[in-house]
Every structure is written in structure tokens, then in C-alpha cells.
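**Q** Residues per chain, in single letters:
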Amino acid sequence: MWLSSAALAGSGIISAFSNVVFLKPRATYGLPSRFGIGAPDAYPSGTRMSLDVHRVCIVREGRRIAAISTTCTHLGCIVGLSDTGFACPCHGSRFDHDGNVTGGPAPRPLPWYKVSLAPNGELEVDTSLRVDPGTYLNV
Amino acid sequence: MSPRTTSPDLRSALAALPRNIWASIFRHPLPSTDLGRAQTSFTNFFLHIHPVKVHRNTLRPAYTLGLGLTSFFLFVILTVTGVLLMFYYVPSTGQAYDRMLDLRGSVAFGVFLRNMHRWSAHGMVALVFLHMCRVFLTGAYKPPREFNWVVGVMLFLLTLFSSFTGYLLPWDQLAFWAITVGTAIAGYAPLVGQQVRFLLLGDHTVGQEALLRFYVLHVAVLPLLVAGVLAIHFWRIRKDGGLSRPDEGADTLAPAPTPAAAVPTARTTYGLMGFVRGPFAARPGNGPDDSVYSWPSLFQAELFVFVLTIAGVLVMSLFFDAPLEEPVNVLHPPNPAKAPWYFLGLQELVSYSAFWGGVGIPTIEVLILLLVPYLDRSHRGVGRWFARERLAANTLFLIFAVINLMLIVIGTFFRGPNWAFVSPW
Chain A
1 MWLSSAALAG SGIISAFSNV VFLKPRATYG LPSRFGIGAP DAYPSGTRMS
51 LDVHRVCIVR EGRRIAAIST TCTHLGCIVG LSDTGFACPC HGSRFDHDGN
101 VTGGPAPRPL PWYKVSLAPN GELEVDTSLR VDPGTYLNV
Chain B
1001 MSPRTTSPDL RSALAALPRN IWASIFRHPL PSTDLGRAQT SFTNFFLHIH
1051 PVKVHRNTLR PAYTLGLGLT SFFLFVILTV TGVLLMFYYV PSTGQAYDRM
1101 LDLRGSVAFG VFLRNMHRWS AHGMVALVFL HMCRVFLTGA YKPPREFNWV
1151 VGVMLFLLTL FSSFTGYLLP WDQLAFWAIT VGTAIAGYAP LVGQQVRFLL
1201 LGDHTVGQEA LLRFYVLHVA VLPLLVAGVL AIHFWRIRKD GGLSRPDEGA
1251 DTLAPAPTPA AAVPTARTTY GLMGFVRGPF AARPGNGPDD SVYSWPSLFQ
1301 AELFVFVLTI AGVLVMSLFF DAPLEEPVNV LHPPNPAKAP WYFLGLQELV
1351 SYSAFWGGVG IPTIEVLILL LVPYLDRSHR GVGRWFARER LAANTLFLIF
1401 AVINLMLIVI GTFFRGPNWA FVSPW
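Each protein sequence line maps, in turn, to chains A and B.
The first sequence: position 136 = 136 (the working numbering), numbered continuously.
Numbering-wise, the working numbering comes out as the position in the second sequence, counting from 1, plus 1000.
Since the hints were derived computationally from the structure, they do not count as laboratory data.
Glycine included, every Cβ here is placed at the ideal spot set by N, Cα and C.
Hints should not be assumed to be uniformly reliable.
[What the hints assert, rightly or not] Each computed EDC-like pair below joins lysine to aspartate or glutamate, with the alpha-carbon atoms no more than 20 Å apart:
{"id": "1", "chain 1": "A", "residue 1": "24", "chain 2": "B", "residue 2": "1203"}
{"id": "2", "chain 1": "A", "residue 1": "114", "chain 2": "A", "residue 2": "124"}
{"id": "3", "chain 1": "A", "residue 1": "24", "chain 2": "B", "residue 2": "1209"}
[As the list claims (entries may be wrong)] Examples of chain A residues toward chain B, derived with CB under 7 Å:
{"id": "4", "residue": "23"}
{"id": "5", "residue": "24"}
{"id": "6", "residue": "25"}
{"id": "7", "residue": "30"}
{"id": "8", "residue": "52"}
{"id": "9", "residue": "74"}
{"id": "10", "residue": "75"}
{"id": "11", "residue": "76"}
{"id": "12", "residue": "77"}
{"id": "13", "residue": "78"}
{"id": "14", "residue": "89"}
{"id": "15", "residue": "90"}
{"id": "16", "residue": "91"}
{"id": "17", "residue": "92"}
{"id": "18", "residue": "105"}
In isolation and in its complexed conformation, chain B is listed as follows (with noise of 0.2 Å):
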């Protein structure tokens, strides 16, 4: 009698399986307490990268105007696009612009894709510039967060490398023209350039090894490594204490903390919180008034931005279709020759001077990026927009950044045929 009463039954197992399966996978229901909630955003394995709770200040949509979490899911969208996109193309100079016209043609679906991904693709470079602005002019880049800035030009280079390999592969004359050019520009670096160039197009000229060469690195080295380096990102704003937010210099200038310090002994055990840079609660201004629960708080602002990125990308695709020029004719470049918009800055320069423009500059531009951090020591000014005592270099980074894109326009819509001066109008 005793072991039916002990030892479930088979019936009652089977009652119990959508049950047990569910609460298997999702160990927790809904929350409704704040334990809840901190275990929810803790024992999920998509939501324990973001922390229990946050500040207010990262939620505040004027702060971070999204611009960061955009340029990701743009990102996630190019992966799956681009997935899905690898099924119907063929990297070979004879297939691939036919396989193009297939899209049109022939596969449902097949230049809704082709939009989305385009399209994407030249958002996530103008949206991982925006958020460049954002953190300059936020000051956002102040210690401790020096190295996430270094880690975030790197991440706009291999966003623009992603861009510029994948503009090869419809192989029409927009795509061989540009890549005609901007490899050559690689040519110009000292020493090495031709070499490089030589590595890059696996030949000469641009041709049939160009194109199988710009196509791994376009859909397996590049996106690889955007994705190490974006979880190195992630992890670092994270580990630096969290988004910016003001005032913070004054808790950073203050000595951290250090819970080892309080019982010098050899014996005492230290915790994790000994190794963390400024603990979120033992920071000042981290009290219960300031910080909210990441669930649902922080999730429905991110579903939301989500939710705004991909119907921004839909409609794009729904009224505008990627270009797609004539095939290639390597005989004749078409007048002017143009590179994709956010090279045509650079392009304007290589009109100038090959070396200057195409290697000189941006190598100088780089640098001065990467550098930022490490050049501008002051901590004041942390967390807010334009703020008064950080004129100068807000100032010098709105130049920065306006000759660049003016450069852009110009080469955009001021320049006709042999490049030669002509008005839009």
C-alpha cells in the first residue's frame, strides 16, 4: 500500500508533463515580488547579461537615445537576413549576379531580403557613428570606461570593413568599381600596401579570387569577430559600473570601497565584491531611490527600441529597393565611379591625394579616436549632453565630425562626371 502512495503512478506523471517540462525550462513564474523580479532577470540565460537592477539614468530615452541597442539589433537582423540570403548566392563571377536577378525573380521573398539586409547594413554604420557622438558628447567615454571606447572604434572599423566586404559580392559595376578603388587605396600604405592588397584580392585585379576571398570575410571572419568584440563590449559596461550617469566623477575621485581593507588580516576570505571595480551597491547614490529592477523595467524599454528598429527596417524595405546596377564590365568604369556613401568621404580626399586621403588621414583619424580617452584626463562633465565644462571638447569633436560628413556630401551630390565640380541643382 505504502509504495503506490510514495512513488508517483505513471497517470499522474503524464497529467503533470506540460507542467513539469514548462517549470524545467522556466524555473521561476512571472514575478511579482522583487526577489522574483532580480531572479527572473538572474536565472535566465538571455537576461542575466543585463544586471538585477539599474539606474534610472540608463533608462531615460534622452540620455542613450537607444542609439547603442539599435546598432545591435541591426546587427542580429543582418545575421538572420544574411543567413538566410547565403542559401540562394553563389560567390562565383559567372553565378552571382544572375543569382541577384534569381532574387527578383525567383525567390519569395528574395528582394524583400535583399532590402532588409541592404538596408541594415547602411543603418547599423550611420547608427554605430551616432552612437559614437552620443558617447563623446556625453562625456561617456571618462574613466573607468577608457577601454570600452577602444573597443568601440573597433567595432565601427569592422562595422565599415563588414559594410565594404559585402559591397562586392552583387557583382555589378557599382560593386567591382568600388572595390577596384578602395583596394587600390590599401596599395598606398607604406611598405606594406601592395602586399596587403595582393593578400585581399588573392590577385592583380579584381577578379574571381577577389570575390571568394571578400565573401568569407563577409559572412564568417567578419561577423565572428564583430561578435567577440561586441560581447567584450557588453561585458565591459558591465564590469565599468553601468551606463554613464552625472555626477559619477565625484564618486569615482572618492577611493573605492574596499571591503578588504576594513580587517587587514592574512586570514580573511574575500568575496567577489573585493575584485569588482566599485560594486553597484556600495556605490554612493546607488540607494534604492535611484535604481529600478531590470525586470520589467529595462526589458520593455529594450523589446521597445526592438520593436522600433525592425518596423524601421520594414518599411525601408517595402518602399526602397537595394540598388543593382548593370553586371560587371571590366572594361569600363562607369563616370563618376562611385563608393558606397560613407566611403565617399574618403573618396573626396583620394581626389586630393592618394596617399594623404586614403591612408594618411584616416590612419591620423584613428588615432585620435583611439586616443580620445587617454588625451582628455578631466572627469568633470560625466553623464550629461553638452555639458558646460566640456565646451572644448565638444566643440572640437562637432568639427570633427561635421568635416566628415560634409566631406560625404560633398562627394555625394557635388561630384559629377571625372569627378569633376557639379552642382546638385
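Looking at chain A on its own, in the form it has when it is part of the complex (with noise of 0.2 Å):
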């Protein structure tokens, strides 16, 4: 009896759990985390430019690059650029243009990814890579 109970509740923690892990994907069909986005040259001093299918924004200030991210912290909309930095449409969030809160119910700022210089010229997002906010790559 007791053997037995204990069987049956074994084999259902283990289902359950194996269930979980078949659920859970190994590996993942959507957008690489690293991604090259051309020379610098591409982007003059003063751009803003948002690369929306990677979902970020490229900022170029004199010789110092960034990205910053522009899925809104708040629930994962895209966040467009705006007069004063970063305005999200779908809950009226709005970032300076340093990814900072200004308004509305987004909780974090934007984050910053690791920008680096591939070997062959071109420059490399990570969004795998957090960064401080500020952080510039100089070119």
C-alpha cells in the first residue's frame, strides 16, 4: 500500500517534471542575439537610427557608437523615437534619449547593448550583452 502510493506519486513528479522539460525548447528558431549592422561609416555623427527588426536603436555621437534597446521594459512593444527620446505606443511609456523613464508605467530604462568591432571592419550588436547605460564604443 504505502509502496505502491509512493510509486504512484514518484512517477507523477517525474512526468510532470519530464513534461516541463520536453516543453521547454533546447534550441530556438528566432533572430540570433549577435548580429553585424555594417561599417561605421553608415552612421554619420548625430544618427539615431532604430534597426526595428533586431530591436534596437544605433546612436552616434562624434566618434562614439551605442545601442540601445527599444523593446519597452514595460510589456514588450517597440518603442518608436520621439522629439524627446523614446515613446512606446502601446501603454504611452516614454524614455529621454538616453533610455531613461520619463513617463508612464515602464518600471526599468531601456538597456544598452555591447557594440564591438568585428575583425573585418564591421560593427557587432550583442543583446546577450548588457552594458551600463553610457557605455559608447569609440570608432
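Could you use the hints to bring the two separately framed chains together as a complex?
**A** The structure is reproduced here in C-alpha cells:
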């Protein structure tokens, strides 16, 4: 009686666990987290270009380049560029030019991603690596 | 000579064939006696879910308004139209939207079936909610029906989740951004939020994996769950003594008559009556005058509700087309991006705080709903609308319902681009 109850409970736990493991994909088919964005010359000083496919905004000021996420930290909509920085169309969150929250329900500032210069001279953004806001790459 | 008379020959068997087949399926002719009426309910697979006799109060249209039954019939319509739509639908980001257009262009009754499915889904959300209001305002969740209220709340949540998963399938702008927002809300749940979101989407963003997962949930997992929980819901109605009715509190307060207590010997054999909580005939007030045979009274009433339901869905589907927006553009969310109407109250809350609006307050609301029958233990005022004894409880519930409805109205009509406040006039 006790043995079979324990066996039943045990197999229940194992099957529940294996189902969760089964449902969690080991590989995803979405966009890669690291991607090239072309040569630095494509972004003249003063550029604020939103690459919507990759959900980042490339910012260049003088010789400094950075990538700011355009995924709203509130509920994941894509924020658009506005005169004062970024604005989210879904729930009205607003951010300044550096991605700091200036209004609306967003709980956190927009993260900055690591930008590096690949050996072939192209810029590379890695959205799996976050950097402190204000960290620029000098080119 | 004698064998020919005792065993019937082939010819007479053929002559009697239709009658014999009919009689083997339907064991009784249409009933003309009370015994026949009882047998008809009892021996028919589809009718035996019902009791042979029901209390008069069950049949009063002004008491139940047929809301629960209408919800069930909408579920049946949703199952039938949903299975038909499955013949033409492909859960692929490349094809889903084109298949929606095909329903318009090259499938006979395609648009009409989609309309029926969409309007029935909206109707089911609304009617399950109204059914819940009816049960509360008539105090029908009181003992012994506490657990069936809990089962009902689970059905309400399953209905909402079914609608939510179905919302993504057309793969249009509305679908994509509503699900992007909806699953981001799930991500705000403490500790497991991000993992739940990843399991739900199968990826970090809404894409092919999410479409496939929502499809499987929508066409297989959730309908089976709803059907199973619905079976428990119906079974409990009977085991809890049928629909609630006035002055029942007095009955349940009195000790239930137990046949076992009358003959307290070890050798007594107990009938099933001993296990059933308050057998129907043993209850005071269940005399012959207060109950009617299910055949034909109850079945007529149910048929009437069914005809009314299907007529409503058909009329809606004839005159209004289910919305279909532009195909998904993952780069440009519509402004404002709105969830389906029944989630706009939630979205309105979310615009103040994602955690409290999307997770905190809804969880508290569901917990309160689940605990209602265990917090309100008074036996008074069961089976009557707006009973004076339940003034406080009813007022609290109405405030609760009206606040939620107000949030939905604000989210639907008073929110414009960037979720800014706009006037609909």
C-alpha cells in the first residue's frame, strides 16, 4: 500500500518534470542575439537609427557609438523614436535620449547592448550582453 | 409443423426490421404515463444527465435566465465551428493569415463560420460572467454548493484562456500585439514569470513557436479541460441537490434524514440513498406538488434556450463580420495596441503598474472569487434575487463587478494613441 502510493507519487512527479523539460525548447528559431550592423561609416555623427528587425536603436555622437534596446521594458512593445527620446505606442511609456524613464508605466530604463568592432571592420551588436548606460564604443 | 410456428421465418423478420431496429434504439414509445416520462429520462444516454423530476423553481425563466445553459450551448457551437475551421487552418506564420483570406474568398460559408466562432467566443465570455453574477445575486453558492462555485470560477478562467489563445491564430496585427502584451504580463509574475513566458512562447518573442503552442492549447488542451471540468460542474449540480431554490436554507440546517440511523444494527444493508446528500424525495418541500417531470417540461425549456442561442449567434454572424486587421508587422505596433475587450480592463490596470495591474490585482480578485462561499457562511436568502438578507454581500459584489466593467469601458472607448485619455465623442 505505502510502496505503491510512493511509486505512484514518484512517477507523477517524474512525468510532470519530464513534461516541463520536454516543453522547454533547447533551440529556438528566432533572431540571433549577435548580429552585424555594417561599417561605422553608415552611421554619421548625430545618427539615431532604429533597427526595428533587431529591436535596437543605433546612436552615434561624434566618434562614439552605442546600441539602445527598443523593446519597451513595460510589456514588450517596440518603442518609437520621438523628439524627446523614445515613446511606446502600447501604454504610453516615455524615455529620454539615453533610455531613462520620463513617464508612463515602464518600470526600468531601456537597456544598452554591447557594441564591438568585428575583425572585418563591421560593427557587431550582442543583445545577450548588457552594458551600463553611457558606455560607448569609440571608432 | 410446430417448428414453423415457433421460430419466425426470414420474411416476417424482414417485415418487422424497421420496427425492431427502432425499438432496439429507443426502448420506449413517446411517454403518455408518468412511468413512461420517468423511463424516457432514465434510459436515454443524452437525457439521463438530467434527473427524472425537477423542482418547479428550476424551470422559472426569471430565476436562472438560462445563462449557464446558454454558456454551455455556446461551447457546443464553438466546438462544432472550431472543428470545421480546423479543416482549413494552418498554424504557420507564413500561411495563417492567407488562410483567413481564403475563408473569405474560396471557402463556402468560410466567413460565416468564422463569424459564428468569433461571436460565440465573445458571447461565452460575457454569458459565463453573467451566469456568475446570477449565481451570486441569488445566493446559489451557499452550502452544499460551495465547491461547484469554485469549479465555476475555474471554468470562467479556462474560458478566458481559451479566448486568449484563439486570439493569436489569425496572425493579424491585433492578434500579434495583443499576445505580445498578454505574455509580457505573464513575465511579471514573481520568480517563475519569465520561465512561464518562455514555456508559453517557446521562444523569447512571439513567433512561429508561439503560434504552434497557442494552436495546440486552443484546439486540444483547453477544450478537453473545459469539457472535463464542465462534466464535474454538471455532475455536482445533481449531487448538490439540483438548482438552488428559496427557503432551502431551512432544509439544509435541519439534520438530513439518514436511513442508516433508523436501524442501527451492524447487519443492515445500505441503499445508495444513504450516500446521496439529501435524497430528492426525502427533502421537505419536494412533495409531488413542487416537482414536475423533466420530460417534457425541462427538455422543452432547454430546447427553447438552445434555439434562442443559435438564433442569436446566426443573426450576429449574418450582420457583423469578425474583424481581421492587416497581416502581422513585427516592426510596427498599431497605436494604440489593444487586447480583446474582456482584457481591456486588465490592460487599463496594466497602464498604471505592470505587476499590480497584470498579476497582483487579478490574482487577488481570483482568490476572493474562489473564497466567496467559504467567507460568506450565512444560510439566509438562498434562491431569491437580491434577497434583503444579502444586501451587504450583493452590494459588495455589484461594486466589484461594476468597477471591473468600468475599467473595460475606459480601456475600450476612452483610450487613444499612446494610451492617452481621449473622449469618444
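**Q** Against this structure, judge whether each hint is valid.
**A** Right, here's what the structure says about each hint:
no.	hint	verdict
1	A:24 to B:1203	holds, 9 Å
2	A:114 to A:124	holds, 8 Å
3	A:24 to B:1209	holds, 11 Å
4	23	holds, 5 Å
5	24	holds, 6 Å
6	25	holds, 5 Å
7	30	holds, 5 Å
8	52	holds, 4 Å
9	74	holds, 6 Å
10	75	holds, 4 Å
11	76	holds, 4 Å
12	77	holds, 5 Å
13	78	holds, 6 Å
14	89	holds, 4 Å
15	90	holds, 5 Å
16	91	holds, 4 Å
17	92	holds, 4 Å
18	105	holds, 5 Å
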